[in-house]
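If you read the protein sequences in the order shown, they are chains A and B. Per the UniProt record's numbering, residue 1 is the first one in the first sequence, and the count goes up by one each step. Per the UniProt record's numbering, residue 1 is the first one in the second sequence, and the count goes up by one each step.
No lab work stands behind these hints, which were simulated from the structure alone. From the three backbone atoms N, C-alpha and C, an ideal C-beta is built for every residue, glycine too. One or more hints might be untrue.
As the list claims (entries may be wrong) - Anything over 12 Å on all C-beta distances counts as not near chain B; from chain A, calculated:
#: 1; residue: Lys45
#: 2; residue: Lys110
#: 3; residue: Lys120
#: 4; residue: Pro346
#: 5; residue: Pro362
#: 6; residue: Arg377
As the list claims (entries may be wrong) - Derived lysine-lysine pairs resembling PhoX-like cross-links, with alpha carbons at most 20 Å apart:
#: 7; chain 1: A; residue 1: Lys301; chain 2: B; residue 2: Lys160
#: 8; chain 1: B; residue 1: Lys152; chain 2: A; residue 2: Lys404
#: 9; chain 1: B; residue 1: Lys144; chain 2: A; residue 2: Lys279
#: 10; chain 1: B; residue 1: Lys152; chain 2: A; residue 2: Lys301
#: 11; chain 1: A; residue 1: Lys310; chain 2: B; residue 2: Lys160
#: 12; chain 1: A; residue 1: Lys363; chain 2: B; residue 2: Lys160
#: 13; chain 1: B; residue 1: Lys152; chain 2: A; residue 2: Lys66
#: 14; chain 1: B; residue 1: Lys106; chain 2: A; residue 2: Lys145
#: 15; chain 1: A; residue 1: Lys404; chain 2: B; residue 2: Lys160
#: 16; chain 1: A; residue 1: Lys221; chain 2: A; residue 2: Lys118
#: 17; chain 1: A; residue 1: Lys66; chain 2: B; residue 2: Lys97
#: 18; chain 1: A; residue 1: Lys59; chain 2: B; residue 2: Lys97
#: 19; chain 1: B; residue 1: Lys97; chain 2: B; residue 2: Lys66
#: 20; chain 1: A; residue 1: Lys145; chain 2: B; residue 2: Lys145
#: 21; chain 1: A; residue 1: Lys279; chain 2: B; residue 2: Lys106
#: 22; chain 1: B; residue 1: Lys144; chain 2: A; residue 2: Lys145
#: 23; chain 1: A; residue 1: Lys404; chain 2: A; residue 2: Lys301
#: 24; chain 1: A; residue 1: Lys364; chain 2: B; residue 2: Lys160
#: 25; chain 1: A; residue 1: Lys195; chain 2: A; residue 2: Lys59
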Amino acid sequence: MKRRNFVKKAVLGTMTSVIGAEIVFGTTLPNGYIPLGLQDPDPFKMFDKDRGMEVLNDKPWNIEAKAHLLDDKITPNSSMFIRNNGLIPENIDASTWTLTIDGESVKQKKTYSLSELKSKFPQYTYQLTLECGGNGRSEFDPPAKGNQWTVGAVSCANWTGVRLRDILADVGVKEDAVYIGYHATDVHLSRDPNKEPISRGAPMQKALQDETLIAFQMNGKDIPLAHGYPLRLVAGGWPASVSGKWINRISVRNVVHDGTKMTGDAYRVPCNPVAPGEKVKDEDMCIIESMPLKSLITYPKTGATISTGKTLDIRGHAWAGELEVSKMEYSIDFGSTWRECTLDKPANRLAWQHFRASVDFPKKGYYEVWAKATDTRGNSQPMLLPGWNPKGYLNNACHRIAIKVI
Amino acid sequence: MEDHKKFRLLVKAIYRLLLSLFGLFAVMVFTLLFIMYNPDLFKKADLNVGEEKQYVAVTDEEDFDKIENGIHLRTGLVDAEGLMTVVNNCTNCHSAKLVTQNRMNKERWVSTIRWMQETQNLWDLGPNEEVIVNYLVTNYPPSKKGRREILKDIEWYVLK
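Using the sequences and the accompanying hints, generate a full structural model.
If you want it as structure tokens, here you go:
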């Protein structure tokens with residue numbers, strides 16, 4: 001008894017010193033329960049992520065996958081990247097959750113409960129590619145400020161929800177509507193309740209697409225907390241920051257939405273190309289809309305050694321923002337020659353497409369397998385870094401893996 | 001007759017003794033359970049308070065700002081002039097990882113500070129600003145990467 005009490009108190013004492021405040025009712029904590037403030041040390045357990053994922057930032061949480069972890073055709077939660085601008089909301093109660101549609105351009109303000117949304121509107125499931133606008137930022141020179149994403153800030157899961165267009169039709173939208181902006185319950189890093197960590201959106205044209213969902217399920221289950229439980233916007237093919245998490249309000253605006261991270265240089269690139277490192281005025285920066293064409297070799301993992309004469313099977317995914325990928329090629333000689341891969345059609349519009357090829361190597365040595373996608377407009381991925389921009393967005397340079405034939 | 005009376009008295013006495021024994025037992029069990037579910041009850045009289053403090057002290061003094069191989073373990077920041085000023089001003093709102101993964105020149109570190117002051121509630125750093133900027137520029141300067149770097153840090157494995 002005494003021993004157990006002592007252990008409990010000693011542990012509580014330590015917890016108190018770590019948190020920096022007394023844990024009120026500490027001794028009545030259920031056994032085995034870890035206070036939220038202490039859950040930080042193991043993000044993989046907390047978010048149910050593969051231990052091969054890379055934690056870029058722990059306040060706010062930003063975690064990326066590696067290419068070989070993204071081999072599944074439909075991305076499972078375990079390898080889905082986490083991108084946060086603020087702190088993940090706590091104490092979410094789905095039974096009292098509501099979504100309010102307001103703004104200058106609605107005919108009337110309207111609020112729906114979660115169950116109303118589910119019962120009132122038809123439900124749809126789409127597989128949608130979500131890529132962080134800053135995926136690949138780590139390669140820019142001069143370096144760009146922010147989380148230094150490499151290749152793993154992309155996912156393509158199944159999202160189930162109702163169409164935003166159906167909700168907007170029910171509410172009634174005025175003719176002067178130009179943009180929608182979301183508001184959510186995540187908390188600003190400074191914990192200032194008057195600040196929103198992020199409040200972005202999309203032009204009406206994107207908001208009204210069939211595939212733009214107000215989603216409540218990911219891969220057939222409730223959306224995991226880190227990915228927006230219980231309700232999020234999903235706008236495939238656009239910077240994932242458009243797909244707001246934990247949303248409770250959507251404003252239909254008669255101007256371009258001016259919420260946090262819509263202005264300045266956030267999620268914007270120079271309207272006209274600039275030299276690396278060049279200063280760009282705010283008014284010369286344009287909002288990113290569709291993400292660029294890109295691809296990823298997800299098998300094998302980079303660093304494979306194979307024996308001479310063996311054929312190497314490679315596979316991966318390719319996506320093209322609002323467009324479709326029409327051709328996929330690989331090169332083992334640094335782009336001198338290209339061979340075509342087998343390329344599947346997407347499961348639906350805005351889903352990534354799978355490719356595969358069998359690669360033969362002429363002799364022993366070090367090789368790099370490069371992958372290059374071409375979209376329906378004839379654009380191909382660059383081999384070198386594309387246009388430099390102050391915040392390091394839109395790096396769609398070809399993905400490369402290293403192979404040794406011995 | 002007398003024997004019968006005596007016997008009855010004896011039975012009564014045993015009955016009472018058993019009753020009080022069970023009563024006492026029940027009270028003991030109740031008390032024990034009560035203490036088990038309310039460990040706070042005897043907190044002040046307990047010996048734990050002192051030991052608890054000692055336990056905390058060990059954590060604070062030995063580990064909190066420990067430096068190993070030139071790295072401030074708690075934050076991952078490089079141990080150099082200005083370290084604690086950076087720790088105290090730059091890791092309250094966001095993780096130090098946001099500092100350590102970035103590389104910027106003086107002008108861009110300063111503009112990052114200005115952006116945080118304008119939009120993120122960062123306070124006026126006063127004379128600490130120079131200390132912080134010098135620390136950042138010295139320890140986290142931009143690196144040249146060119147248009148495309150070679151593939152680095154490859155972990156070779158045999159593919160079966």
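Hints versus structure:
{"no.": "1", "hint": "Lys45", "result": "holds (18 Å)"}
{"no.": "2", "hint": "Lys110", "result": "holds (31 Å)"}
{"no.": "3", "hint": "Lys120", "result": "holds (38 Å)"}
{"no.": "4", "hint": "Pro346", "result": "holds (29 Å)"}
{"no.": "5", "hint": "Pro362", "result": "holds (18 Å)"}
{"no.": "6", "hint": "Arg377", "result": "holds (24 Å)"}
{"no.": "7", "hint": "A:Lys301 / B:Lys160", "result": "holds (12 Å)"}
{"no.": "8", "hint": "B:Lys152 / A:Lys404", "result": "holds (14 Å)"}
{"no.": "9", "hint": "B:Lys144 / A:Lys279", "result": "holds (18 Å)"}
{"no.": "10", "hint": "B:Lys152 / A:Lys301", "result": "holds (14 Å)"}
{"no.": "11", "hint": "A:Lys310 / B:Lys160", "result": "holds (11 Å)"}
{"no.": "12", "hint": "A:Lys363 / B:Lys160", "result": "holds (19 Å)"}
{"no.": "13", "hint": "B:Lys152 / A:Lys66", "result": "holds (15 Å)"}
{"no.": "14", "hint": "B:Lys106 / A:Lys145", "result": "holds (13 Å)"}
{"no.": "15", "hint": "A:Lys404 / B:Lys160", "result": "holds (13 Å)"}
{"no.": "16", "hint": "A:Lys221 / A:Lys118", "result": "holds (14 Å)"}
{"no.": "17", "hint": "A:Lys66 / B:Lys97", "result": "holds (19 Å)"}
{"no.": "18", "hint": "A:Lys59 / B:Lys97", "result": "holds (8 Å)"}
{"no.": "19", "hint": "B:Lys97 / B:Lys66", "result": "holds (17 Å)"}
{"no.": "20", "hint": "A:Lys145 / B:Lys145", "result": "holds (15 Å)"}
{"no.": "21", "hint": "A:Lys279 / B:Lys106", "result": "holds (15 Å)"}
{"no.": "22", "hint": "B:Lys144 / A:Lys145", "result": "holds (15 Å)"}
{"no.": "23", "hint": "A:Lys404 / A:Lys301", "result": "holds (12 Å)"}
{"no.": "24", "hint": "A:Lys364 / B:Lys160", "result": "holds (17 Å)"}
{"no.": "25", "hint": "A:Lys195 / A:Lys59", "result": "holds (17 Å)"}
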